[in-house]
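J.: Sequence:
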Amino acid sequence: MITDGAAAVLAACWRDEYCVPNPEVYPHLWLWDSCFHAISWAALGDRRASVELASCLDAQLPNGFVPHMRYASPSEGRGPLPDRSSFTQPPIYAHAARVLADRGLPVAADTLARIERALDHLWTHRMGSDGLLYIVHPWESGSDDSPRFDDWVGRSTWSRLAFTIVDHQLVDSTEFDEQGAARWSRDFVVAPAAFNAFAAHAAAELAALTGDPAWRRRSGELAGAIDDVLWDADQNHWVDKPIVGGGPSALIPTLDGLTPLLVTADPAKARAALVLAADPAGYAAPFGLRFVPAGHPRYSPEQYWRGPAWPQLNYMLYQAARRWEAAPLAEAIADASRRAAVASGFAEYWNPETGAGLGARPQGWAALAATYPPVPTQAAPVAAS
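Position one of the sequence shown corresponds to residue 4 (my numbering), numbered consecutively onward.
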């Protein structure tokens with residue numbers, strides 16, 4: 004059963020207070036990984052969901068900034084702080100808290116307070132004059148080596164060495180505040196569609212949890228800016244906005260360009276984007292959603308962030324499909340994700356055409372396969388359409 008496999012994966016990654024993504028490949032705490040672990044624990048009815056969610060916020064700085072990594076041992080290369088990263092990641096923690104609350108699992112008042120401080124830091128220190136949040140390193144996007152960042156890297160084909168070199172060059176060009184949090188970059192500043200969508204979604208989730216209308220207003224304002232500034236009518240996609248550096252690669256269609264489905268209030272934009280998500284000639288594949296649509300020159304089904312399916316993005320697009328009552332798409336994503344988790348060995352990511360596992364195996368966030376509703380006994384699998 005999917006639940007048994009998911010439970011085994013999480014148990015193998017558990018380290019007293021949180022799951023490492025993979026014990027050998029990723030031995031530290033990663034922020035949005037832990038949020039997805041908490042969501043997966045919650046689907047299993049395990050109270051470690053509450054422990055994990057609280058733990059992923061333990062490295063929060065006094066100014067509210069939440070680092071994207073808490074190191075298992077002192078490390079270097081991700082900013083001036085010796086025990087944690089100086090960069091952040093998409094703020095999935097508010098959605099995780101909402102999932103826990105909806106499943107009757109405890110979310111401590113202090114956890115909610117830390118989530119509010121974290122989001123307030125983004126709105127206070129990372130909000131541009133166009134009403135969009137910006138990031139200052141590809142790590143902060145979650146999709147580190149997305150083709151959208153190729154113009155910053157200076158190449159259009161993926162290379163582990165090339166991206167690693169550029170990543171560390173971009174650390175050197177980052178400006179940090181007095182507490183060690185990244186705040187600006189001389190070479191890389193961008194307002195990504197996905198990071199903004201996840202933040203607007205987080206603000207709405209926090210509003211639902213706390214009843215605070217200010218967060219509902221912030222969510223709506225950010226969602227409006229995403230539609231006004233980042234919508235590309237020629238592609239029926241939301242795209243990224245370069246602020247420092249970058250170029251035309253910011254317009255490349257990728258799956259994270261559909262994540263504003265989580266928050267847009269525009270039915271016409273939503274309908275157009277949902278068509279893309281459900282198109283077998285584009286994103287919809289036998290084993291989940293491709294990160295780059297089939298047929299695009301950058302599409303490579305087994306190359307890191309060049310086309311494979313990712314469990315955390317499948318999950319977020321599933322949430323978006325449910326929001327817009329696109330039941331066939333939601334069911335297709337759920338079915339493909341469950342099958343892919345098994346076929347890939349609960350991998351970090353996988354070939355969307357074959358389900359062959361890629362990256363680290365097993366990976367904690369692949370346990371998200373247990374979050375989808377079970378298939379009715381008599382139901383036939385739903386194909387992507």
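Errors might be hidden in some of the hints.
Ranges between beta-carbon positions, derived for each pair [claimed, not checked]:
#, residue 1, residue 2, range
1, T357, P216, 41 to 49 Å
2, V345, P270, 33 to 41 Å
3, P270, E181, 23 to 31 Å
4, P376, D269, 24 to 32 Å
5, E305, T6, 24 to 32 Å
6, H171, T357, 30 to 38 Å
7, A104, P65, 37 to 45 Å
8, P376, P251, 35 to 43 Å
9, R274, E20, 37 to 45 Å
10, E305, Q182, 39 to 47 Å
Keeping only pairs whose Cα atoms sit at most 16 Å apart, straight-line, the calculated EDC-like set for lysine to aspartate or glutamate is [as the list claims (entries may be wrong)]:
#, residue 1, residue 2
11, K244, D230
12, K272, D231
13, K272, E328
14, K272, E305
15, K244, E178
16, K272, D230
17, K272, D237
18, K244, E328
19, K244, D231
20, K244, D133
Worth flagging that the hints you see were computed from the coordinates, not collected in a lab. Note that the Cβ used here is the ideal one computed from N, Cα and C, for glycine as well.
J.: Would you mind confirming whether the straight-line C-alpha gap from K272 to E305 stays at or under 16 Å?
T.: violated, 30 Å
J.: Are the Cα atoms of K244 and D230 separated by 16 Å or less?
T.: holds, 12 Å
J.: Okay, T357 versus P216 on CB: inside 41 to 49 Å?
T.: holds, 48 Å
J.: Take a quick look at whether K244 and E178 sit within 16 Å of each other, Cα to Cα.
T.: Given pair K244, E178 is violated - Cα atoms ~20 Å apart, limit 16 Å.
J.: Within 16 Å, alpha carbon to alpha carbon, are K244 and D133?
T.: Holds, because 10 Å separates the two Cα atoms, which is no more than 16 Å.
J.: Given the hint that K272 pairs with D230, test it: the Cα-Cα distance must not exceed 16 Å.
T.: Holds: K272 and D230 sit about 8 Å apart, inside 16 Å.
J.: If you check the beta carbons of P376 and D269, does the distance land in 24 to 32 Å?
T.: Given about 28 Å between the Cβ atoms, the range holds.
J.: Just tell me: holds or violated, for the beta carbon distance of E305 and Q182 against 39 to 47 Å?
T.: At roughly 40 Å between Cβ atoms, Q182 and E305 fall inside 39 to 47 Å, so the hint holds.
J.: Do the Cβ positions of H171 and T357 conform to the proposed distance bound of 30 to 38 Å?
T.: Taking Cβ atoms as reference, H171 and T357 lie about 34 Å apart, which means the hint holds.
J.: Taking 16 Å as the top limit, are the C-alpha atoms of K272 and E328 close enough?
T.: With a Cα-Cα distance of about 15 Å, the restraint between K272 and E328 holds, given a limit of 16 Å.
J.: CA of K244 to CA of D231, is that 16 Å or under?
T.: Roughly 12 Å separates the two Cα atoms, so the pair holds.
J.: Can you confirm whether the C-alpha distance between K272 and D231 stays at or below 16 Å?
T.: Holds. K272 to D231 sits at ~11 Å (cutoff 16 Å).
Checked against the numbered hints given earlier, this structure breaks hints 3, 7, 14, 15, 18; the rest are met.
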